[in-house]
Amino acid sequence: MKIGIPRALLYYWYGFTWRTFWEEAGAEVVVSGPTERSTVAIGSKAGVDELCLPIKIFLGHVRQIADQADWIMIPHLIKVETGAYLCPKFMGLPDLVYHALPDVRDKVCVVTVGPRNIDMLQSLKGAALMVGIPERQIPKTLDVNNRLPALYELAKSGYPRQSDLQRGRLRIGILGHPYCIYDRCFNLNVFDKLNGLDVDIFTPEMMPGNMLGIGSGRLHKELFWSLGRFQFDALEWMIGKLKVDGFIHLSPFACGPEAIIGDMLERRIKQAGLPILKLLFEEHSGEAGMVTRLEAFIDLIHYRSRVC
Amino acid sequence: MLKVTFPHIGNSYIPFRTLLMELGVEPVIPPPITQRTISLGTQIAPEFACFPLKINLGNYIETMEKGAEMILMAGGVGPCRFGYYGEVQREILQDAGYEIDFLVLEAPKTHPRELWEKIKRIFPCHQPHDLIRALRKAWIKADLLDQFDRLANHVRARELKRGQVSQLQARFYHQLDQAVLLDEIQRVARQFMEELKDVPTRKDEQPLRVRLVGEIYMVLEPNVNFHIERVLGEMGVDVERTIYFTDWVKDTLLKSIYDPNWRAQMLAVARPYLKNFVGGHGLETVAHTVEAGVNRYDGVIQLAPFTCMPEIVAMQALPAVSQDLDIPYLTLIIDEHAAEAGIMTRLEAFIDLLSYQRNSRGGGKTREVVSGY
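Residue numbers (this note's numbering), protein chains in the order written: chain V, 1 to 308; chain R, 1001 to 1373.
Calculated directly from the structure, the hints in this document are not laboratory data.
Just to be clear, a hint being listed does not mean it is correct.
Some but not every residue of chain V turned toward chain R, in silico, with C-beta under 10 Å [said to hold, decoys possible]:
1) C52
2) H76
3) L96
4) L223
5) C255
6) E258
7) A259
Subject to a maximum C-alpha distance of 27 Å in a straight line, what follows is the list of computed DSS-like cross-link-like pairs (lysine-lysine) [stated by the list, open to error]:
8) R:K1250 - R:K1137
9) V:K2 - V:K140
10) V:K107 - R:K1275
11) V:K140 - V:K107
12) R:K1203 - R:K1161
13) V:K221 - V:K270
14) R:K1066 - R:K1118
15) V:K278 - V:K221
16) R:K1003 - V:K221
17) V:K125 - R:K1255
18) R:K1066 - R:K1003
19) V:K221 - R:K1203
20) R:K1161 - V:K221
21) R:K1255 - R:K1275
22) V:K270 - V:K193
23) R:K1203 - R:K1118
24) V:K193 - V:K125
25) V:K221 - R:K1120
26) R:K1161 - R:K1066
27) V:K221 - V:K241
28) V:K243 - V:K221
29) V:K221 - R:K1137
30) R:K1275 - V:K45
31) R:K1120 - R:K1250
Selected chain R positions facing chain V (in silico; Cβ < 10 Å) [as the list claims (entries may be wrong)]:
32) E1047
33) A1074
34) V1077
35) V1104
36) K1275
37) E1311
38) T1331
39) I1333
40) E1336
Using N, Cα and C, we set each Cβ at its ideal position, and we do this for glycine too.
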């Protein structure tokens, strides 16, 4: 039996977790290839115009692996931690897929996590039973904190490991949702461009586990989006421990939560006296515009560090 | 006296004024939403924040010009962005150099006492009987307003002299806003309900029936949705609004306490198209559209602010509903760049299509004769 997993959205967090689970359960796993322009084109044709780019990319991936797999796993992540949602679009994801791609409907295997029970192993178990895997084959344990796929994607772009860090190089903190940071087609390969500019980059996923909950805990009101909380934790880590020189915030055009989170992050970064570059991406983003802005931004930080 | 203000949402300023007055503070009502309000809000709000947030900010700035000292705002726990409005707006105003207190009314984090302490500190009349009286009076006003509006939409589609109902409605709002004593409130309401029922109407033809669904703020606030109810009504369309302020309060505040499964019916109706709650009014939009299709309405109009996440999920589901149940729908996305002419053209075209469809099906005037089912 072949289980298809779309390489989109929170695959970059839970991808290896899901993969190991299905492999241990005796299924063959097919992960869709990295996003390409054609994926984006298929996705934007399938969904309504108002959807954000990551969801369109997700639809594109689903369409692309639909022919290679017997079942397509649709992660229906309502909540992955108590007290916080992901995004309304994640909550309606299976229905978005049904309506945008009616022909894959029979192949869909939904893994619902939340809203009451946030145990991913149980949700995966339910899905495994649904596709006909006998109960004795289903694994009993699961490592949900395996955030490797994200870093793996990063390493592919030639990012230097922690031990290779050089003194005196500029440190740039990247903020954004994992599927914005690690999807190289989405962000027009921002990492390669940054590597060319000779800076060290840090992403929220590199944050050690003991920093979790510190930054978001300082907020006046508890935030109810997991991806937002994670960014505030990362911000605290990057400003407090890493002493980064500047931030780049990657977000999809018209992203709902990021409109609010981005604004609050920006305010805190400004209070810390650091520069921030906000990049918005949609299916019409052009590379030239982004490169110019990146170069100008890095030049500006260089200039600042020399003056101060 | 402490001057307290709150953002506009539809006609709710009338019950809010009563509530604040009864609690012993001075209400500052924001001026009606105009282009100035919108541009003031847009200037300091994040670009992709939803439209209601920007308008709220505009309201705050305009009330601060009138001397407001405290803002009353509701909160929530997601996943819709509305739950975090209070926090972001506080930060934005602070950054823009305005000094003002925020009172965000929401379920307390630690202990129910927390909310009580807040209320006690701010409102001079905070004894239980004061609170009950204030809430009761405000609720009665809100309820009467909604009753009147429901009937007004119905009558407006049939009025003989165009604009009569709207005039009456404006007069009713004004009189009810002025009324203080309970007797007075009841009398005003009775009198205007009678007048509304006496408005001369056409009896011969059945007007088109259209349902208004979508995001609550866009549906409730006429100054933002280009007075869609009035415009449609005066085109001779019987508009049924699916969201009313009192219903919303009843559902989210009361029903969630004594009947945690209050969404069950809606979920069941929307189930073939949308299986779970997606925040905001996304589920309601789909459920009400299904209902409209089943009950043979002529059309559905969905209103949403730009980038509204729950409504986008609903948008993806609506084409399937429309096809299965043969119900035409029109989505209007509104933000600070929406222009009246564009909205009107689309509304007129949609209504034309609906009436064409009805006539071509042998409906219209003759439909009343072939009754029987």
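Quiz prompt | Hints violated by the structure (numbers, ascending) | solution = Of the numbered hints given earlier, those the structure breaks are 17, 19, 20, 23, 24, 26, 29, 33 and 40, listed in rising order.
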